[in-house]
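*Asks:* What follows is the residue order along each chain.
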Amino acid sequence: MSRPHLAGLKGKHVVITGGSSGIGLAIAQRCAAEGAFLTLISRSSSKLAAARHHIASSLSCNPDRIQTKIADTSNATTIISAIEESFEWKPIDVLICNAGLAMAGMMGDVKEKDLDLVTKTNFLGCVYPIHAAIPLMKQRSLQNPSSIVIMSSLAGLVPLYGINVYSPTKYALKGLAELLLLELLPWNIRVNLVCPSFTKTNLLEEEYFGGNEIIRTIGRKLYSYNHKALESSDDVAMKTIEGVKTGEFLIFTNAQGASLGPLTRGLIPSESVGTFIIELLLMVPYRFVSLLWFLNAKKLVHKMNSKTM
Amino acid sequence: MECWPWRVVVVLGVLAGICWADARRRRFKHIASLRGKHVVITGGSSGIGLSIAQQCAAEGAYLTLIARTLPKLEDARRHIIASLNLPTDSIRLKSVDVGNAEAVAVAIRDSFEWRPIDVLVCSAGILQPNFVEDMKPSRLEEVTRTNILGVMFPIQSTIPLMKTRSAHHPSSIVIVGSLSACVFLYGTNIYSPTKCALKGLAELLKFELLPYKIGVTLSCPSFTQTPMLAEAFDEAEEFVAMGEKIYLVAIKELPDDVARFTIEGFKRNEFFVSTTYQGVLVRTLGRGFVPPDSFLTLLVEVLLIVPLRILTFMWGIYAKHVLLTNEVPIKRKV
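So the protein sequences, as listed, match chains S and E. Going by this note's numbering, the first residue of the first sequence is number 1, and it counts up by one from there. Going by this note's numbering, the first residue of the second sequence is number 1001, and it counts up by one from there.
Note that these hints are calculated values from the structure, not bench results. Please note that a few of the clues may not be correct.
As the list claims (entries may be wrong) - Simulated crosslink set (EDC-like; lysine to aspartate or glutamate; CA at most 20 Å straight-line):
{"id": "1", "chain 1": "S", "residue 1": "138", "chain 2": "E", "residue 2": "1327"}
{"id": "2", "chain 1": "S", "residue 1": "10", "chain 2": "S", "residue 2": "234"}
{"id": "3", "chain 1": "S", "residue 1": "299", "chain 2": "E", "residue 2": "1141"}
{"id": "4", "chain 1": "S", "residue 1": "113", "chain 2": "E", "residue 2": "1293"}
{"id": "5", "chain 1": "E", "residue 1": "1094", "chain 2": "E", "residue 2": "1113"}
{"id": "6", "chain 1": "E", "residue 1": "1163", "chain 2": "S", "residue 2": "72"}
{"id": "7", "chain 1": "S", "residue 1": "111", "chain 2": "E", "residue 2": "1102"}
{"id": "8", "chain 1": "S", "residue 1": "47", "chain 2": "S", "residue 2": "207"}
{"id": "9", "chain 1": "E", "residue 1": "1136", "chain 2": "S", "residue 2": "84"}
{"id": "10", "chain 1": "S", "residue 1": "113", "chain 2": "E", "residue 2": "1097"}
{"id": "11", "chain 1": "E", "residue 1": "1136", "chain 2": "S", "residue 2": "207"}
{"id": "12", "chain 1": "S", "residue 1": "113", "chain 2": "E", "residue 2": "1141"}
{"id": "13", "chain 1": "S", "residue 1": "298", "chain 2": "E", "residue 2": "1237"}
{"id": "14", "chain 1": "S", "residue 1": "138", "chain 2": "E", "residue 2": "1256"}
What the hints assert, rightly or not - Derived list of chain S stretches under chain E, where covered just means 3 residues or more per stretch with a C-beta under 8 Å from a C-beta of chain E:
{"id": "15", "stretch": "21 to 29"}
{"id": "16", "stretch": "152 to 165"}
{"id": "17", "stretch": "224 to 234"}
{"id": "18", "stretch": "245 to 258"}
For every residue, glycine included, the Cβ atom is placed at its ideal position computed from N, Cα and C.
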């Protein structure tokens, strides 16, 4: 990468959806530590108040640097107003779309209203804030480098067994990010797609592994899920912010993620020549590895299934 | 030095063995014939869905066509019956909005009671060209509902029913996606993201349905001459002009050809069906982590991956140059 997109976050305004917990909160904390102004958006006013208090006290910073907005990202009217109001407070430099949901269960067993909810929250809940922010960002982005960050997941690159529509919605976010990356190129608005692995958050503990032994076993054996070695939200936050500054499109937060790069990056090549060459050399051997993985996956799924039958 | 001819012979022998095994595998059909089978097609009243319907009916399948407008459905049925001289009761119609979960559940249950469903083809989809920021939120919701939920709801209702008989009656779920699931499509806002979601859904379903002998096929056509595309092109000449510059080669194909490849594909339980040579190349790079079922395809792709990646690197530079040096199409609020 030749020149960083954003030198630092001091004095910049960062808006984070789903900013009151998990990865969103960790990102907020790090941004505040660098001197950014924050707007945290989430559905729960109590969680938002607690988040604001936590950040302000742990960093001894002025709580007025942190705004909170109550909005459901899947409700177009409220989230669009929230974004527009945030811009009026201070022009938005970085928009981080991080709000997301997951519900355990196989396709075919899940209720339709849950499919609807997860799709709306994970996909439209990312589209709506971006829809609102783009025209506002375009007014100033040529002189003020801006960024849109989409928090996806490795489940947006490989199918994640056991949580139905979560994976497909994350695939959609990759498509959205690639489209925006190119359409916003002339406006100096960078797009980043962050793909963390299993991260220690409530979403993982309660919703993904909520009570199901089969999903946990498959997670362990197939996706190398190790509850003792989960990524921390703070690590993910750090890698995200680094990526925003360099302007790198596809951000992996650990080695497991980076190893998926060669096969899943797709048609848009890496900006870094070094990454490009490494991935080029690894593509062929990794394709054979993916074949072995899939053969193993088939065996495991058949075995788990015959156990329950 | 002396043993290298033997090494070559051994390698060629192994490759020949693989080709032979693959040829045998390809002759094995997941669904040998559609005669007497029941095929349900969403979006079956026009475009690719209608072509698939026509070709399935020509093989002797029973059809249920699902779409929003009844007159179009009736036209479609009349057309198929007349052209193939079939009895009227071999084709049923359901006028349903695929984005309405309850209506879809009722329609699928009812279809299954008429005849058990062997193949579900999800072909319903809409395309509204414009930039993300210029689409009305209600339109964004409509596209998401039709293209993502409108595929998930029929699948959701069909899976439990298919599972009751698939062990002895090989069944298939077919998703008509698009090549834009692998490569962004300029000016179509959330269309390609919704198709990416369908690719993810197809990969997940393939995994989940492994124990049940329910095949999953994702068909990814290129630009196909359908009413949906014609309407989109009409509304969006500026985007098309920019698109032509970016994509260089954009093969327009016929819905009948897409249908033919799709049907051949799901009969063989091929996961990722491409319908043009351009599609095969895009698929090689865009396939993702899940490997092809055919080892032969894997070998061919492995040989192509590196040169293709280098080509796309150059194309990426070119595309960025086009985007930075051309006038952006004028935005309209739709």
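*Asks:* Now, for every hint given, state plainly whether the structure supports it.
*Replies:* Outcome of the hint check:
1. A C-alpha spacing of about 15 Å is found between residue 138/S and residue 1327/E, which places the hinted pair at or below 20 Å, so the restraint holds.
2. Among the hinted pairs, residue 10/S with residue 234/S is consistent with the structure: their alpha-carbon atoms are about 19 Å apart, no more than 20 Å.
3. Among the hinted pairs, residue 299/S with residue 1141/E is inconsistent with the structure: their alpha-carbon atoms are about 39 Å apart, more than 20 Å.
4. Using a Cα cut-off of 20 Å, the hinted pair residue 113/S and residue 1293/E is violated, with the two alpha carbons roughly 34 Å apart.
5. At most 20 Å may separate the alpha-carbon atoms for a hinted pair to count; residue 1094/E and residue 1113/E meet this at roughly 14 Å.
6. In summary, the hint linking residue 1163/E to residue 72/S is not supported, as the alpha carbons are separated by about 37 Å, beyond the 20 Å threshold.
7. A hinted pair counts as satisfied when its Cα atoms are at most 20 Å apart, and residue 111/S with residue 1102/E qualifies at roughly 11 Å.
8. This hinted pair checks out: residue 47/S and residue 207/S have alpha carbons roughly 18 Å apart, not beyond 20 Å.
9. Distance check on the hinted pair: residue 1136/E and residue 84/S sit about 16 Å apart at the alpha-carbon level, within 20 Å; holds.
10. Between residue 113/S and residue 1097/E the CA atoms are separated by roughly 16 Å; this keeps the pair inside 20 Å, and the hint holds.
11. A distance of roughly 32 Å separates the Cα atoms of residue 1136/E and residue 207/S; the hinted pair therefore is violated under the 20 Å criterion.
12. Simply put, residue 113/S and residue 1141/E have alpha-carbon atoms about 15 Å apart, close enough for the 20 Å limit, and the pair holds.
13. Restraint check for residue 298/S and residue 1237/E: the C-alpha separation of about 47 Å exceeds 20 Å, so the hint is violated.
14. The hinted pair formed by residue 138/S and residue 1256/E fails the criterion: a straight-line CA distance of about 43 Å is larger than 20 Å.
15. A count of 0 residues in the stretch 21 to 29 of chain S with a Cβ less than 8 Å from any Cβ of chain E is obtained; the coverage claim is therefore unmet, three being the minimum.
16. Three residues within the 8 Å Cβ limit are the bar, and the stretch 152 to 165 of chain S against chain E gives 8, so the coverage statement holds.
17. Restraint check on the stretch 224 to 234 of chain S versus chain E: 0 residues with Cβ-Cβ distances below 8 Å, three needed, restraint violated.
18. With 0 residues bearing a CB less than 8 Å from a CB of chain E, the stretch 245 to 258 of chain S misses the requirement of three and the coverage assertion fails.
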